[in-house]
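Participant: One letter stands for each residue in the lines below.
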Amino acid sequence: MNDIQTLGQHTLTALELLGTAAFAVSGVLGAVRKRMDVVGIVVCGFLAAFGGGTLRDILIDRRPFFWVDHQLVLIAVLVLCVACASFLHRFDLQSSARLLQVPDAIGLGLFCSTGLHMSWTLGQPPAVAIMMGVITGTFGGVLRDMVCNEVPSLFRDHRPYALCALAGTLFYVALMLMDAPPWLAVASCAVVTTGSRLLTLWLNLRLPSVRSN
Amino acid sequence: MNDIQTLGQHTLTALELLGTAAFAVSGVLGAVRKRMDVVGIVVCGFLAAFGGGTLRDILIDRRPFFWVDHQLVLIAVLVLCVACASFLHRFDLQSSARLLQVPDAIGLGLFCSTGLHMSWTLGQPPAVAIMMGVITGTFGGVLRDMVCNEVPSLFRDHRPYALCALAGTLFYVALMLMDAPPWLAVASCAVVTTGSRLLTLWLNLRLPSVRSN
Amino acid sequence: MNDIQTLGQHTLTALELLGTAAFAVSGVLGAVRKRMDVVGIVVCGFLAAFGGGTLRDILIDRRPFFWVDHQLVLIAVLVLCVACASFLHRFDLQSSARLLQVPDAIGLGLFCSTGLHMSWTLGQPPAVAIMMGVITGTFGGVLRDMVCNEVPSLFRDHRPYALCALAGTLFYVALMLMDAPPWLAVASCAVVTTGSRLLTLWLNLRLPSVRSN
Chain E
312 MNDIQTLGQH
322 TLTALELLGT
332 AAFAVSGVLG
342 AVRKRMDVVG
352 IVVCGFLAAF
362 GGGTLRDILI
372 DRRPFFWVDH
382 QLVLIAVLVL
392 CVACASFLHR
402 FDLQSSARLL
412 QVPDAIGLGL
422 FCSTGLHMSW
432 TLGQPPAVAI
442 MMGVITGTFG
452 GVLRDMVCNE
462 VPSLFRDHRP
472 YALCALAGTL
482 FYVALMLMDA
492 PPWLAVASCA
502 VVTTGSRLLT
512 LWLNLRLPSV
522 RSN
Chain V
312 MNDIQTLGQH
322 TLTALELLGT
332 AAFAVSGVLG
342 AVRKRMDVVG
352 IVVCGFLAAF
362 GGGTLRDILI
372 DRRPFFWVDH
382 QLVLIAVLVL
392 CVACASFLHR
402 FDLQSSARLL
412 QVPDAIGLGL
422 FCSTGLHMSW
432 TLGQPPAVAI
442 MMGVITGTFG
452 GVLRDMVCNE
462 VPSLFRDHRP
472 YALCALAGTL
482 FYVALMLMDA
492 PPWLAVASCA
502 VVTTGSRLLT
512 LWLNLRLPSV
522 RSN
Chain A
312 MNDIQTLGQH
322 TLTALELLGT
332 AAFAVSGVLG
342 AVRKRMDVVG
352 IVVCGFLAAF
362 GGGTLRDILI
372 DRRPFFWVDH
382 QLVLIAVLVL
392 CVACASFLHR
402 FDLQSSARLL
412 QVPDAIGLGL
422 FCSTGLHMSW
432 TLGQPPAVAI
442 MMGVITGTFG
452 GVLRDMVCNE
462 VPSLFRDHRP
472 YALCALAGTL
482 FYVALMLMDA
492 PPWLAVASCA
502 VVTTGSRLLT
512 LWLNLRLPSV
522 RSN
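Chains as they are written, first to last, in my numbering: chain E, 312 to 524; chain V, 312 to 524; chain A, 312 to 524.
Here chain E stands alone, though its shape is the one from the complex:
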């Protein structure tokens, strides 16, 4: 039993690192597309990887930040960004972005469920906890796009992304209100978020537009 728990813990850590790496690489791609130098590439990578969680921590006034306690992750992301920028000219930006979709969806699910659970256990009301979950999962990308001087793709690409996170958080809230064990609620949130994101990508779903005169 203990072995299985340890295995589960290791798997979770590995998935979280994979998600963080995917987010960081999305930052590198955004920066390279804007022809930024190495400083811009690293900052965009950091913002995409740590921005959502850091914004959540500022909003719920939680210190120290995750990356203050784990400077190794900080250094690993730095090395990843520089390495990625150095080798990127061998790849095509479009296909790199496509390769990221699966690890990115995993990151979305994990970070969203962690942020939500953190806010919920602080006793914040459901609507606020849901918002914190969605912000943790999605606002790294928003900060990345703002620094790249673009309208955040989260807001304009008419693909379900934040809405997948919303679906996951609703599962969590429903399970918690039915007194399910917290680990089940957290896992459901992550699975529903990641799963629905992958499903909408596969089905190529689009959100309706608002037309205005």
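It is possible that some hints are incorrect.
To be verified - Taking lysine-lysine pairs in the DSS-like style, the calculated list, with each CA pair at most 27 Å apart, reads:
(1) E:Lys345 to V:Lys345
(2) V:Lys345 to A:Lys345
(3) E:Lys345 to A:Lys345
Claimed, not checked - The following residues of chain E were derived to be distant from chain V, with all beta-carbon distances above 12 Å:
(4) Ile315
(5) Thr317
(6) Gly319
(7) Thr324
(8) Ala325
(9) Leu329
(10) Pro375
(11) Ile386
(12) Ala387
(13) Leu399
(14) Glu461
(15) Pro471
(16) Gly506
(17) Leu512
These aren't lab readings, by the way, just hints derived from the structure by calculation.
A quick note: this is a predicted structure, and the numbers were derived from the prediction, not measured.
C-beta: ideal position from N, C-alpha, C; glycine also.
Starting from the known structure of chain E, fit chains V and A onto it as the hints suggest.
Facilitator: This is chains V and A only, laid out in the frame that chain E set:
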């Protein structure tokens, strides 16, 4: 007397909700103009409605935020944003923006005076309290425009807006330094801010430009 | 001895004010280039002058901010921004920007070393302290450019700026790990940062670009 106090309290709450709604709708209009999807519309609405107060709370390190204690307002603004975006195609964006001017001016006056009074009662020096008041009233719109990838209209439209808030805050500081009752100072700040904003709109006043070679 | 200490303190304060002024003027130049009104000019000046230190204080949860305790500096920067905007039409934007390079480099060195030392004495790990130092020195400019709706020049001009700050912080960390006296480490950080920035400007050094298909 008690009845009058209750009536006054209800009127104030109603005006604050009206101001919040006006700010939220200004966010929806900005998002629709940029052809954002429903996620962008809701985020822009939230930023415009709650961004100024939240930024002030971060700066003065005040928790919980207003909207953490009042999740109903959060949900109401969410519904308003979605409803507004759904029905907007029946209206003209220009005339909707014009309709917003009066409730927006009321919101500016109320939020500016609340933010100023909050900072002042914390014992912050006058220049800082004035800044906090102006930030509370105006930075929701700045955050909205930044997310919409525009130079904030507060900084470039050459209309007095922050300056009206500044005029109101100077009234407050003057009255407080003359030992006037706080409620009178707060009310004067709100009335002067809202009044001067409406007056400058009516007179179509413009700020001078800086010319550079 | 006491006289020399006092003289040193005064010199340091004078240099810090010079650096703050240079940062504020860079904000004014950015705002004028975007044809902003007086409100935009003042906000850009404030963001450039105080943004980096304020962001650092939010990240390390330090209150009150520097400018809350020193409202005179706040008022001085306000006056400087308005004065600068009023007289700017007599000067050429390009040559004004060039005049700023030396005081700006001094500000970079001083703010970077102060931010780094503050984070280090809080017991934060080296990689985090280095980041806080670089953020303190450089993110005022990033916020200024974001508000001006531009890709931050820190990220795209391919000139060493953040990298000079990084060089300085590495000197500090090396000296502190060798148990050198703190004042020496702080001074080295400031001198190396400012010196390397001036050197790279003089040598007209450029960072390599990332090429992508």
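Participant: All hints are to be evaluated individually against the structure, with a verdict given for each.
Facilitator: Results for each hint:
1. E:Lys345 to V:Lys345: holds (20 Å)
2. V:Lys345 to A:Lys345: OK: lysine 345 of chain V and lysine 345 of chain A at ~20 Å, within 27 Å.
3. E:Lys345 to A:Lys345: Distance ~20 Å between lysine 345 of chain E and lysine 345 of chain A Cα, so the pair holds.
4. Ile315: holds (38 Å)
5. Thr317: holds (37 Å)
6. Gly319: Glycine 319 of chain E clear of chain V: closest Cβ-Cβ about 33 Å, beyond 12 Å.
7. Thr324: Non-interface label on threonine 324 of chain E holds, nearest chain V Cβ at 30 Å vs cutoff 12 Å.
8. Ala325: holds (30 Å)
9. Leu329: holds (25 Å)
10. Pro375: Non-interface label stands for proline 375 of chain E: nearest chain V Cβ at 16 Å, farther than 12 Å.
11. Ile386: holds (28 Å)
12. Ala387: Check passes; 29 Å lies beyond 12 Å.
13. Leu399: At roughly 25 Å from the nearest Cβ of chain V, leucine 399 of chain E sits farther out than 12 Å, so the non-interface label holds.
14. Glu461: For glutamate 461 of chain E, whose nearest Cβ neighbour in chain V is about 6 Å away, the distance does not exceed 12 Å, so it is violated.
15. Pro471: violated (9 Å)
16. Gly506: holds (19 Å)
17. Leu512: At roughly 16 Å from the nearest Cβ of chain V, leucine 512 of chain E sits farther out than 12 Å, so the non-interface label holds.
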